[in-house]
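We have chain A already, so just place chain B on it with the hints.
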Amino acid sequence: MSAAPLLEVRGLGKRFGGLHAVRDLSFEMARGEVLGLIGPNGAGKTTVFNLLSGFLPQDTGEVRFEGRSITGLKPHAICALGLARTFQIVRPFPHLSVLENVRVGALARQPRMAEAAARARAVIEQVGLAAKAGQPAAGLTLADRKRLELARALATGPTLLLLDEVMAGLNPTEIQAILALVRSINEAGVSILLIEHNMRAVMTLSHRIVVLSFGEKIVDGAPAAVANDPRVIEAYLGEAYVPAAH
Amino acid sequence: MRWLALAALVLLLALPAWLDSYAISVFILIFFYAFLGQAWNILGGYAGQLSAGHAAFVGIGAYASALLSAQAGLTPWLGMLVGGTLSAGLGTLVGYLGFRFGLRGFYFVLLTVAFAEVCRIVTLNTDAVGGALGYYITFTGNPRQFQFQDNRAYYYIALGLMLIATGVVAAMERRRFGAFLIAIREDEQACEALGVNTFRYKMLAMVVSSFLTGVGGTFYAFYLFSLQPNSVFGIPLSVEIIIRPIVGGAGTVLGPILGSFILSPLAEASRIYLGQGGWSGAHLVAYGLLLIAVVLFLPRGAYPALRRLWLRSAAR
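For the record, the sequence lines run as chains A and B.
Count along the first sequence from 1, then add 231; that gives the number in my numbering.
Count along the second sequence from 1, then add 262; that gives the number in my numbering.
These are computed hints drawn from the structure, not numbers from a lab.
Heads up, a few of these hints could be off.
As the list claims (entries may be wrong) - Below, in silico cross-link-like pairs of lysine to any residue (SDA-like), each with a Cα-Cα straight-line distance of 25 Å or less:
#	chain 1	residue 1	chain 2	residue 2
1	A	K305	A	K363
2	A	K363	B	R438
3	A	K363	B	R569
4	A	K363	A	E331
What the hints assert, rightly or not - One-sided excerpt, in silico: chain A residues whose CB lies under 10 Å from chain B:
#	residue
5	R254
6	R299
7	C310
8	P325
9	H326
10	R340
11	E380
The structure presented is a predicted model; accordingly, all values stated were derived computationally and were not measured.
Quick reminder that beta carbons are idealized off the backbone N, C-alpha and C, glycines included.
If we strip away everything but chain A, and leave its shape as in the complex, we get (with noise of 0.2 Å):
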């Protein structure tokens, strides 16, 4: 059983109209990996994140998550499984402060309202955000809110976690700091998958990166491989920068 990888993606597929978004994509990450999905915009990351989160339904292909088949499967089941996300545009409740955020989370777990807050309060402290407590959400700042979103999943227990460009809009200061956050997360025994267009960032945490181009795997490797694979660079600034033969 322990042989069988976390997440499974078999020839997963989505179309909007004739835009083919995500294309026959198959990947599996194992239990307590970092894996980082790059590529240029519109390569179709977000749409995977959609995907295998629950948030749009697939055309073709099965997501398979700790053995079980999460096809179909609504949002907040996929997240009762264990599979929680953060958005790209972070989506705090605004007029609910920092730890009710939190504690909504919590509370898909642990229905006992102050047993939830508690843990609200934990993973508060965690991310950094505990002398935020009491103030409402929409008045932090963008880094801020990139660490509630990232509590706010966290608070539901996952032992997969989808994390979308949560450090895009960030200075290089708060960038170290959620970095060290991630893999802590990542230490404390959670897998991560992270969408990232911060290269130092996503080549400094992840174990190995899979690479998207127009809904294509086109790569999947090690983060040096990767970032000197003439296929990678050709999809980033196009054919004409791809190195003549080494």
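Okay, now just chain B, sitting in the frame of chain A:
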């Protein structure tokens, strides 16, 4: 705050001793509309699903208990629960259609209005329940038939209904159910991503809200003794139900009560002073102006604004 609420309760319990019959009838309206507003508040204020057809639930509850009482001899004290259950049944249907097919915002509003209108038109054309002539309840003055000579009885019943609904809302707010409804109102998709079965909780909110509103129908029927399809199922009643929590503070425990204390006397005053000489719609104009003022100056209602004032003065 707790002492203030207790003092207000004692005052309201003692008040009928000093009031004349007319003043009591004004308070009955305040309590009754606060009750209906509170029932709506669960779905509209907390869960953020704007129903503009809650009159349908009042109407079903009213006709059900009136007909059961006259035709089957069932006491309205039980008919009340039957009416509530039937209303919850309609609420389940409307909720299922709206929530399963993802109707949001205006589209959900239109769905609820459409169902209320269907109820109104069907009742208008069903002669067995009086049709367009309406349905009249014979006055017996028998308390077992929910009828009282002294309108202080209605005063206490309406007060009780208001307190029960407010208790339900207060209990809900302190529990997971309420926390989920608020989160659904704030951002439904984010809520779903956090493992909340938003469909289920919206349905629950709908069922509780429509049940309570349906219970209110019995009070409506046996307080007024006459049911007119155009009134009891009409859009104006739905508006009366919605506007109190909105003015008082939707999604707060005390908002619907505060809103009813502001608006019900206003409606009554304009009916008396402006009701003659072609001014009978004037209270609707006043509602319109008040609503504009609320949206402009107190977008979250009067209660949150008052609370802020109270906290500020307490801090001083």
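How the hints compare with the structure:
For the given pair, A/K305 sits about 32 Å from A/K363 by alpha-carbon distance, which is inconsistent with the 25 Å threshold. Between A/K363 and B/R438 the CA atoms are separated by roughly 23 Å; this keeps the pair inside 25 Å, and the hint holds. This hinted pair checks out: A/K363 and B/R569 have alpha carbons roughly 22 Å apart, not beyond 25 Å. Of the pairs offered as hints, the one joining A/K363 and A/E331 holds, with about 12 Å between alpha carbons and a cut-off of 25 Å not exceeded.
At about 25 Å, the closest approach between the beta carbon of A/R254 and any beta carbon in chain B exceeds 10 Å, and the interface hint on this residue is violated. Nearest Cβ of chain B to the Cβ of A/R299: about 17 Å, over the 10 Å cut. The hint is violated. Restraint check, A/C310 versus chain B: the minimum CB separation of about 4 Å is within 10 Å; hint holds. Because the beta carbon of A/P325 sits about 6 Å from the nearest beta carbon in chain B, less than 10 Å, this interface hint is met.
Given hint, A/H326 at the interface with chain B, holds; its Cβ is 6 Å from that chain's nearest Cβ, closer than 10 Å. This hint holds: A/R340 has a C-beta 7 Å from the nearest C-beta of chain B, less than the 10 Å allowed. Checking A/E380 against chain B: minimum C-beta separation of about 9 Å stays under 10 Å; hint holds.
Hint compliance for this structure: hints 1, 5 and 6 are broken, all remaining hints hold.
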